[in-house]
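Novice: What follows is the residue order along each chain.
2 protein chains.
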Amino acid sequence: MSVTVVSTETSVIEEQLAAAREAIASRPLISRVVLTACGGSYAVMLPAEYFFGTAARKLEAVALNAAEFTSRASSRVDAETLVILCSHSGTTPETVEAAELARSQGALTVAFTHELGSPLARASEYVIGYEHGPEKSESYVAPALLLRLIARVLDDRENAEFVTPVDQAIVALQSLAPAARAAHADAADTWGFSHRREQLIYTMAAGSNYGTAYSFAICLLQEMQWVHSAAIHAGEYFHGPFEITDTDVPFIALLGLDETRPVEQRAVDFLVKHSDRALVIDAQSFGLERVAPLVRGLIAHLLFNVVLRTYADALADHRGHPLSVRRYMWRMEY
Amino acid sequence: MSVTVVSTETSVIEEQLAAAREAIASRPLISRVVLTACGGSYAVMLPAEYFFGTAARKLEAVALNAAEFTSRASSRVDAETLVILCSHSGTTPETVEAAELARSQGALTVAFTHELGSPLARASEYVIGYEHGPEKSESYVAPALLLRLIARVLDDRENAEFVTPVDQAIVALQSLAPAARAAHADAADTWGFSHRREQLIYTMAAGSNYGTAYSFAICLLQEMQWVHSAAIHAGEYFHGPFEITDTDVPFIALLGLDETRPVEQRAVDFLVKHSDRALVIDAQSFGLERVAPLVRGLIAHLLFNVVLRTYADALADHRGHPLSVRRYMWRMEY
Numbered sequence: 002m003s004v005t006v007v008s009t010e011t012s013v014i015e016e017q018l019a020a021a022r023e024a025i026a027s028r029p030l031i032s033r034v035v036l037t038a039c040g041g042s043y044a045v046m047l048p049a050e051y052f053f054g055t056a057a058r059k060l061e062a063v064a065l066n067a068a069e070f071t072s073r074a075s076s077r078v079d080a081e082t083l084v085i086l087c088s089h090s091g092t093t094p095e096t097v098e099a100a101e102l103a104r105s106q107g108a109l110t111v112a113f114t115h116e117l118g119s120p121l122a123r124a125s126e127y128v129i130g131y132e133h134g135p136e137k138s139e140s141y142v143a144p145a146l147l148l149r150l151i152a153r154v155l156d157d158r159e160n161a162e163f164v165t166p167v168d169q170a171i172v173a174l175q176s177l178a179p180a181a182r183a184a185h186a187d188a189a190d191t192w193g194f195s196h197r198r199e200q201l202i203y204t205m206a207a208g209s210n211y212g213t214a215y216s217f218a219i220c221l222l223q224e225m226q227w228v229h230s231a232a233i234h235a236g237e238y239f240h241g242p243f244e245i246t247d248t249d250v251p252f253i254a255l256l257g258l259d260e261t262r263p264v265e266q267r268a269v270d271f272l273v274k275h276s277d278r279a280l281v282i283d284a285q286s287f288g289l290e291r292v293a294p295l296v297r298g299l300i301a302h303l304l305f306n307v308v309l310r311t312y313a314d315a316l317a318d319h320r321g322h323p324l325s326v327r328r329y330m331w332r333m334e335y
Numbered sequence: 002m003s004v005t006v007v008s009t010e011t012s013v014i015e016e017q018l019a020a021a022r023e024a025i026a027s028r029p030l031i032s033r034v035v036l037t038a039c040g041g042s043y044a045v046m047l048p049a050e051y052f053f054g055t056a057a058r059k060l061e062a063v064a065l066n067a068a069e070f071t072s073r074a075s076s077r078v079d080a081e082t083l084v085i086l087c088s089h090s091g092t093t094p095e096t097v098e099a100a101e102l103a104r105s106q107g108a109l110t111v112a113f114t115h116e117l118g119s120p121l122a123r124a125s126e127y128v129i130g131y132e133h134g135p136e137k138s139e140s141y142v143a144p145a146l147l148l149r150l151i152a153r154v155l156d157d158r159e160n161a162e163f164v165t166p167v168d169q170a171i172v173a174l175q176s177l178a179p180a181a182r183a184a185h186a187d188a189a190d191t192w193g194f195s196h197r198r199e200q201l202i203y204t205m206a207a208g209s210n211y212g213t214a215y216s217f218a219i220c221l222l223q224e225m226q227w228v229h230s231a232a233i234h235a236g237e238y239f240h241g242p243f244e245i246t247d248t249d250v251p252f253i254a255l256l257g258l259d260e261t262r263p264v265e266q267r268a269v270d271f272l273v274k275h276s277d278r279a280l281v282i283d284a285q286s287f288g289l290e291r292v293a294p295l296v297r298g299l300i301a302h303l304l305f306n307v308v309l310r311t312y313a314d315a316l317a318d319h320r321g322h323p324l325s326v327r328r329y330m331w332r333m334e335y
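So the protein sequences, as listed, match chains A and B. Taking my numbering, I'd label the letters of the first sequence as residues 2 to 335. Taking my numbering, I'd label the letters of the second sequence as residues 2 to 335.
It cannot be assumed that every hint is accurate.
[As the list claims (entries may be wrong)] Here are some chain B residues the structure puts well away from chain A; computed CB gaps all over 12 angstroms:
1. A44
2. A57
3. Q169
4. P179
5. G236
6. P242
7. R262
8. D314
9. M333
[As the list claims (entries may be wrong)] Footprint (simulated), chain A over chain B, 3 or more residues, beta carbon under 8 angstroms:
10. 31 to 40
11. 70 to 78
12. 139 to 149
13. 201 to 213
14. 251 to 258
Hints were generated in silico from the structure; no laboratory data involved. Glycine included, every Cβ here is placed at the ideal spot set by N, Cα and C.
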């Protein structure tokens with residue numbers, strides 16, 4: 002089964018995805034995957050690393066910030082390496098440099114970007130242009146397309162059977178996402194109002210949802226709201242961070258559907274007992290019963306992304322601080 | 002060259018290190034290394050992952066929180082896998098469980114712990130007991146012994162030449178550590194006093210020093226001081242977190258000596274321009290000129306650990322909040 006093509010533009014994306022798949026399949030020597038980007042795009046790589054880390058039988062995968070990747074300049078970035086990159090504008094210098102380095106060392110490069118004519122697109126051998134903005138389809142956002150690519154790589158390379166359930170799940174997002182958004186609208190508004198004076202809000206998750214918690218902490222809260230934050234890994238919580246839990250310390254904790262749910266659940270159980278300011282979002286409410294159990298956990302983060310954006314919008318509204326405001330980015334050289 | 006044996010106890014440690022080395026060498030099929038632990042011990046694994054990630058030509062290495070590792074239950078944890086674990090008391094349930102899982106799947110298990118009779122020691126095939134406390138030698142702390150083990154693995158498996166310079170550097174720590182501690186004593190006291198009312202202090206680093214920044218954030222600040230914190234990766238700083246930089250937001254930023262120093266330097270340059278509360282600690286002041294250039298960068302984090310402890314002690318003193326105080330740990334079941 003393939004994703005229904007709804008416009009010329011998505012047919013182009015399907016062709017790009019197919020071309021990248023074919024290029025990867027034509028290089029049987031590839032034994033490792035490096036997922037590299039910066040900031041919010043790096044966060045997109047984290048559930049992808051989890052997908053490989055739990056499902057791959059042979060392929061090794063690592064996610065690295067692009068500046069760290071280029072600095073390391075590992076001798077193992079070679080013809081046996083697939084390097085997957087992402088930059089929304091395609092202009093992130095560290096990510097462009099990572100693509101150039103990877104390509105110069107013989108790695109196969111596949112870039113995700115919203116800008117097909119961008120430096121990253123030009124620096125990479127294969128490009129997948131994803132949708133963005135109010136008119137976008139939830140099936141064609143970067144993290145959805147990345148999961149679809151990985152499903153293809155695992156099916157082709159390791160005789161897995163991910164393509165059908167992943168593609169079906171990603172089609173289902175088109176109705177699940179607006180439903181989840183609507184279901185959380187009132188709660189998000191209440192939360193945004195009650196948190197409008199908070200100077201710090203922690204996020205917490207594990208497994209395939211950690212990237213979403215990380216993205217919310219560094220992009221939505223720190224960058225777009227100037228609210229202090231840190232993404233706490235739920236498995237690390239009891240080994241340090243939990244000591245800052247208090248009745249008045251706000252947290253957003255995610256309960257996903259993957260193998261790490263018990264790890265998240267244990268942290269949430271403690272958190273809600275000791276904090277009056279814990280918001281727990283449970284992916285069991287996302288209607289994912291429609292999706293094959295094999296991939297439910299891998300898909301949930303896409304809905305966390307959607308739902309958490311609703312909370313960020315509400316917070317921004319009640320704080321009178323639009324998500325688009327910056328004090329450094331776009332305002333100076335650095 | 003080998004580290005000078007100064008007591009029966011260290012001779013036991015040397016024998017344990019040699020036994021682990023031999024066991025790893027006797028399994029030529031090993032192709033991947035998983036470094037797994039929780040909290041402060043997980044932080045010890047991060048520079049080790051960097052060592053493999055920059056220096057290994059074939060061996061793959063990944064660092065994972067132990068609960069995440071066990072949840073993932075990857076089918077690739079098998080006879081081709083070396084699993085290195087660490088728990089100070091050897092009682093951390095998640096780490097013991099990780100050792101048991103790894104061993105049951107045929108992986109070779111090597112544990113670092115201070116307690117040789119502990120559950121982790123019993124669950125693992127090879128154990129390296131490290132020193133701790135006021136009488137410890139800086140050459141026999143967990144992260145030093147871990148670097149020595151990795152140097153041996155890389156020399157044995159990949160014809161590298163790390164053992165001699167790493168061992169020499171780790172002997173040099175015995176004089177470099179007290180010198181660095183003394184050199185920072187006054188600055189630490191001044192910093193501790195001036196930060197005694199701060200409710201949040203960020204840390205920042207990259208590469209082999211990120212683990213130290215992470216450990217300081219989650220163990221020293223969050224756990225032992227109940228001060229909010231987050232370890233910001235210097236390569237991620239400009240992609241979100243830097244927007245919370247302000248004249249009055251405190252940071253501790255590390256400038257190391259490894260391949261990622263330019264990444265750290267760029268972030269520091271911005272930070273000190275926009276914050277009046279930035280403490281920058283530069284490993285160039287640690288006297289590491291005595292150490293072979295090949296391993297200087299890999300060794301610096303051991304001195305950051307020592308120096309930062311001095312800052313934590315001073316902060317605890319001026320806050321009247323001993324580092325040993327907990328509100329949850331050791332006080333309740335969780």
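Novice: Each hint needs a verdict: does it hold in this structure or not?
Specialist: Structure-based check of all given hints:
1. A44: Answer for A44/B: violated, closest chain A Cβ roughly 9 angstroms.
2. A57: 7 angstroms, violated
3. Q169: 24 angstroms, holds
4. P179: For P179/B, whose nearest Cβ neighbour in chain A is about 27 angstroms away, the distance exceeds 12 angstroms, so it holds.
5. G236: For G236/B, whose nearest Cβ neighbour in chain A is about 3 angstroms away, the distance does not exceed 12 angstroms, so it is violated.
6. P242: The assertion about P242/B is violated, with a minimum of 5 angstroms to chain A.
7. R262: Per Cβ check, R262/B is inside 12 angstroms of chain A; nearest 8 angstroms; violated.
8. D314: 18 angstroms, holds
9. M333: Answer for M333/B: violated, closest chain A Cβ roughly 10 angstroms.
10. 31 to 40: As far as the region 31 to 40 of chain B goes, the hint holds, because 3 residues have Cβ atoms under 8 angstroms from chain A.
11. 70 to 78: holds (count 6)
12. 139 to 149: Violated: only 0 residues of the region 139 to 149 of chain B have a Cβ under 8 angstroms from chain A.
13. 201 to 213: Check passed, 3 qualifying residues.
14. 251 to 258: Violated - the region 251 to 258 of chain B has 0 residues with a Cβ nearer than 8 angstroms to chain A, which falls short of three.
The structure fails hints 1, 2, 5, 6, 7, 9, 12 and 14 (numbered hints given earlier, in ascending order).
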